[in-house]
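These protein sequence lines map, in sequence, to chains A and B. Counting from 1, position 320 in the first sequence corresponds to residue 320 in the working numbering; the numbering is continuous, with no gaps. Quick note: to get the working numbering, add 1000 to the position in the second sequence (first position is 1).
If you're looking for bench data, these hints aren't it; they were derived computationally from the structure. Misleading hints may appear alongside valid ones.
Stated by the list, open to error - Calculated lysine-lysine pairs in the DSS-like style (CA-CA distance at most 27 Å, straight line):
(1) Lys1210/B to Lys1194/B
(2) Lys1192/B to Lys1400/B
(3) Lys1126/B to Lys144/A
(4) Lys144/A to Lys1030/B
(5) Lys31/A to Lys126/A
(6) Lys126/A to Lys1144/B
(7) Lys263/A to Lys144/A
(8) Lys1144/B to Lys144/A
(9) Lys1194/B to Lys1031/B
(10) Lys1397/B to Lys1317/B
(11) Lys1192/B to Lys1397/B
(12) Lys30/A to Lys1144/B
(13) Lys144/A to Lys210/A
(14) Lys1317/B to Lys1400/B
(15) Lys1020/B to Lys1126/B
What the hints assert, rightly or not - What follows is a set of in silico ranges between Cβ atoms, one per label pair, in the way DEER data are often shown:
(16) Lys1144/B to Ile339/A: 53 to 63 Å
(17) Asp175/A to Asp1045/B: 27 to 37 Å
(18) Met1/A to Asp1045/B: 40 to 50 Å
(19) Gly119/A to Asp1048/B: 33 to 43 Å
Quick reminder that beta carbons are idealized off the backbone N, C-alpha and C, glycines included.
2 protein chains.
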Amino acid sequence: MGLIVQKYGGSSVADAEGLKRVANRIVATKKAGHQVVVVVSAMGDTTDELLELAEQVSPMPNGRELDMLLTAGERISMALLAMAIGNTGHEAQSFTGSQAGVITTSTHGRARIIDVAPGRILDALKEGAIAIVAGFQGISQDTKDVTTLGRGGSDTTAVALAAALDADVCEIYTDVDGVFSADPRVVPAARKLKTVTYEEMLELAASGAKVLHLRCVEYARRYNLPIHVRSSFSNNEGTWVVKDHPEGDAMEQAIISGIAHDKSEAKITVVGVPDRTGIAARIFQAIADADINIDMIVQNVSAAATGLTDISFTLPKSEGANATALLHKIQGEIGFQSIQYDDQVGKLSLVGAGMRSHPGVTATFFACLADAGVNIEMISTSEIRISVICRESDLEKGVKAAHTAFELDSTGEEAVVYGGTGR
Amino acid sequence: MGLIVQKYGGSSVADAEGLKRVANRIVATKKAGHQVVVVVSAMGDTTDELLELAEQVSPMPNGRELDMLLTAGERISMALLAMAIGNTGHEAQSFTGSQAGVITTSTHGRARIIDVAPGRILDALKEGAIAIVAGFQGISQDTKDVTTLGRGGSDTTAVALAAALDADVCEIYTDVDGVFSADPRVVPAARKLKTVTYEEMLELAASGAKVLHLRCVEYARRYNLPIHVRSSFSNNEGTWVVKDHPEGDAMEQAIISGIAHDKSEAKITVVGVPDRTGIAARIFQAIADADINIDMIVQNVSAAATGLTDISFTLPKSEGANATALLHKIQGEIGFQSIQYDDQVGKLSLVGAGMRSHPGVTATFFACLADAGVNIEMISTSEIRISVICRESDLEKGVKAAHTAFELDSTGEEAVVYGGTGR
C-alpha cells in the first residue's frame, strides 16, 4: 500500500474509449490498495485546436489570455476522466492546477513551479477518493492568474505533485513501452532499458530523446523521486528512472545506456572572427539576450597569419532566422567576414554512466562512425555523454552503427524484467 | 460616462467572426467613454458537445464533475474574446466566475447566486481594462467547488454583476431585436416593445417568452436595475425592462403589452377524486416532493350525487411520465378513478400592466378566441396576466386573433425609438 502519482498524456485520453481504458487502469491501481493521484493532459488535439482558434481572433494573443484559453483543455479531460472513474463505482474528484496548489512564477506560457501546496488533494485522498489533477497549469504567486508551464508541463506537474505528496513513485504513462537504447523506429533492435539514472536521462533528454522532458527529470532528481515510464496500452513493466542502477545490475551494466539523435538543430558558423579577448563573449551575449538557447560550440585554432578564427555553434532550427539576423546586425561592430547557416545537420549522442570507467569509448565510437562512412563535424562531451554533429542524411546510419558497436542490439532475451519493488 | 455590463449569448460568439464582431461592439462602447464589463456564454454548440462527451463516458455523470466540465466552455469563449479585443489595441482581462467573485450555493447544475464580490473586476476597471467574465458559473460558498447556475445562468450572472457593481444598465445582447408583442414567427405583425416592466417581463417569461429568463428578471427587479435587451447583429435600440413605463408613454400605453405562448406543457387530469379535505393537498404534495413544477390548477365543482371531483393541472411535458407514475403509486391510498394525460395542449397568455384599469380585457379575450374557433379548456389569471389552455393545434390561431383584437398589430410606424437616456 503506497501513494502513487500517475500521469497520462493526451494520446492516452484522446477519446471516450481512451478515457474509459485509463479509468479502468486507475481503478485497478486503487483496488490494489494504493492511494492514487492522477495528472492528465488535454485530450488528443485539443490544445492545437484551441491555438488555432486563438490565431483566428488574434495573431499575437495576450499571454495571460492564451493561458486562460489553453487550460480549458485539461479542465475538459480531467472532468471527463473523473466521471469515467465515477461510472465504475469509485469516487474521483478533479482539481485545476490552482485548486491542487500548483503555485508558479507569472511568466505566461512557460511559468516555473515555485511551490506545491496540495491541501485539497490530501483531503480528497483522506476521503478515500482518487484525485485527478490538471497537468500543465498552475496559478501565479504574485497575480493569482492562471499560468501554463510550457513544454513537458504535465510531466513536471506530476513529478512536482509526487514530490510534495512524498509519493512512492511517479508513473508516467505514454504510448511507448519505456525508454529504449535508441529510437526503435531507427534501430529495430533497440532494447527497452530496465533502469536509467537521473543523470543519464537528463543527458538523453537534452540530446533529443523525447520520452521525458528535461524539467521533469531535473525535478525528480532534486527530490530523489523514482519515475516509472511505461505504456498506457499494455501492462508491461516500463523503465525506472532512479538515482543509481540497482547493485545487482551493476556488473552487467552496459557501458552505454542509450543513443539519442536529434534533427531539430542547425549549425551557424561565424567566419573570420578577429581572435581578440571578448569577441566570442560579445557574440554569445547577443544570442543570449535574444533568449536563444545554443547547444554545442566549437572555436577553431586561430590562423597565425591572419589572426582570424571561425566560431561554430548549434541552436534550434526554429531560432535560425532570428540568430542570423541578429549576427548581421553586430557584424560591423565585431568585424567578422561572413555567416554560414546550415540546417542539414544531425546530432548523435552516446549516453551512459558506464563510460566514466571505460576510457576507450570515444575511440570505439569514432571508429565505428568512420567505418560507417559518417563524417564528424563537431564534437562535445560531458562526463557521461559524447555528442557529435554530422550530416543529417548520415544520422540514422550512425545511430545503427553505434548501437551495434556498443553491443546494445537486442538478443531477444528481454523477458527478465526489473521489478522495482519497494521503490 | 457610465458603467455598462453587456452580456453576449452563445450564438453571438459562435465562431471567430462572431467574436471579432462582438469585440468591435465592446470596444465602441469603451470608446464612447464607458467602463465596460462583459459577461459571455460558451461558443455556439460547445455546451452540447461537452454534454455529449460526458454521456459517452458516464450515463449519470457526477454533478461536481459535470460543472467542472461545462465551465470549460465559457473559459474558452472569454479568453478568445479578450484576445480579440486585445487585437484592436484595447486591454481586456478575462475572469472565471470564481475570479469574478460569483459566490453560489453548492447545488451543482442549478446553483443560486448568494453574493457577488467583484474586487478583481473593479481592479481591472481601475486599470482602464475591459473585464470579460464567464457567465453561467460561480464557486460554492461551502465547498469552494466550481458550480453552474443552470438555465438562464449567463443572463443572471450579468444582472447580478451589474447590481453588485452598481452599473447604469445591463445590456443583454441576443439574436433578436428585443422583446416583441408576440413571437414574430407566429405573428408577422408583432411590434418590438420600447419598454416593458419587470412585472410584465416576469409574467411573459413565465408564460413561455424565451428572450429573458425568470431568474434574471427577478434579480433585476430586486435591485431596480434597468435591462436593455437588444440585438448583437444591429445597432437598433432594443427593449428596456424597467420598474415603470415612462410617464410620457403612460397615456398611449396599450392595455396589453405582450402575448406569450407555450407548447412545452402537458395537462394531467385526475378523474373521480373523493371530495374530502386534504385530498388535493396530498396529490400536490406528492408532486412537489418529486421536485416537479406545476403551473395551472383547476378543480371542478364536485358532483353532489357522487361526492367525486376532477382535478386538472399542467406541468412540463418532460415531467409527464414521472408525474403519472407517481400518481399511480398513490392511487390506492387516495382512491381516485383514473388519470388522463394530454400532451397536445397549448398555453396562451395575455400580459399587460394596463389590464389593471381595464376590466373588459377578459371578455374581449374570450370573445376573440370564440370567434377564431379556439376552445378554452383551463383558465388562470394574475393581476396583470390571463392564461388559457387550448388545443395545441389551435394555439397560433389564438395568438394571432388576440394580437389583432388588442390592437397590437404593427402600423409600420415603429421608427420612434425610446432613448432611455440617463437610466
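Hints versus structure:
Proposed proximity of Lys1210/B and Lys1194/B is supported: the alpha carbons are some 17 Å apart, at most 27 Å. Taken as a hint, the Lys1192/B and Lys1400/B pair is honoured in the structure, with Cα atoms around 16 Å apart against an allowance of 27 Å. Restraint check for Lys1126/B and Lys144/A: the C-alpha separation of about 17 Å stays at or below 27 Å, so the hint holds. Restraint check for Lys144/A and Lys1030/B: satisfied, since their Cα atoms lie roughly 26 Å apart, inside the 27 Å limit.
With a CA separation close to 16 Å, the supplied pair Lys31/A and Lys126/A stays within the 27 Å bound. The suggested pairing of Lys126/A with Lys1144/B holds, with an alpha-carbon distance near 18 Å, which does not exceed 27 Å. Between Lys263/A and Lys144/A the alpha-carbon distance is near 39 Å, which puts this suggested pair outside the 27 Å criterion. With a C-alpha separation of about 16 Å, the suggested pairing of Lys1144/B with Lys144/A holds against the 27 Å cut-off.
With a CA separation close to 26 Å, the supplied pair Lys1194/B and Lys1031/B stays within the 27 Å bound. Between Lys1397/B and Lys1317/B the CA atoms are separated by roughly 22 Å; this keeps the pair inside 27 Å, and the hint holds. Note on Lys1192/B and Lys1397/B: the hinted pairing holds, with a Cα-Cα distance of about 20 Å set against a maximum of 27 Å. A C-alpha spacing of about 26 Å is found between Lys30/A and Lys1144/B, which places the hinted pair at or below 27 Å, so the restraint holds.
Between Lys144/A and Lys210/A the alpha-carbon distance is near 32 Å, which puts this suggested pair outside the 27 Å criterion. Our distance criterion of 27 Å between C-alpha atoms is met by Lys1317/B and Lys1400/B, whose separation comes to about 24 Å. Restraint check for Lys1020/B and Lys1126/B: satisfied, since their Cα atoms lie roughly 25 Å apart, inside the 27 Å limit. The beta-carbon spacing between Lys1144/B and Ile339/A, approximately 57 Å, falls within the hinted interval of 53 to 63 Å.
Under the hint 27 to 37 Å, the C-beta atoms of Asp175/A and Asp1045/B, about 30 Å apart, fit the expected range. Checked against the hint of 40 to 50 Å, the C-beta distance between Met1/A and Asp1045/B comes to roughly 45 Å, which is consistent with it. For Gly119/A paired with Asp1048/B, a C-beta distance near 35 Å keeps the hint of 33 to 43 Å intact.
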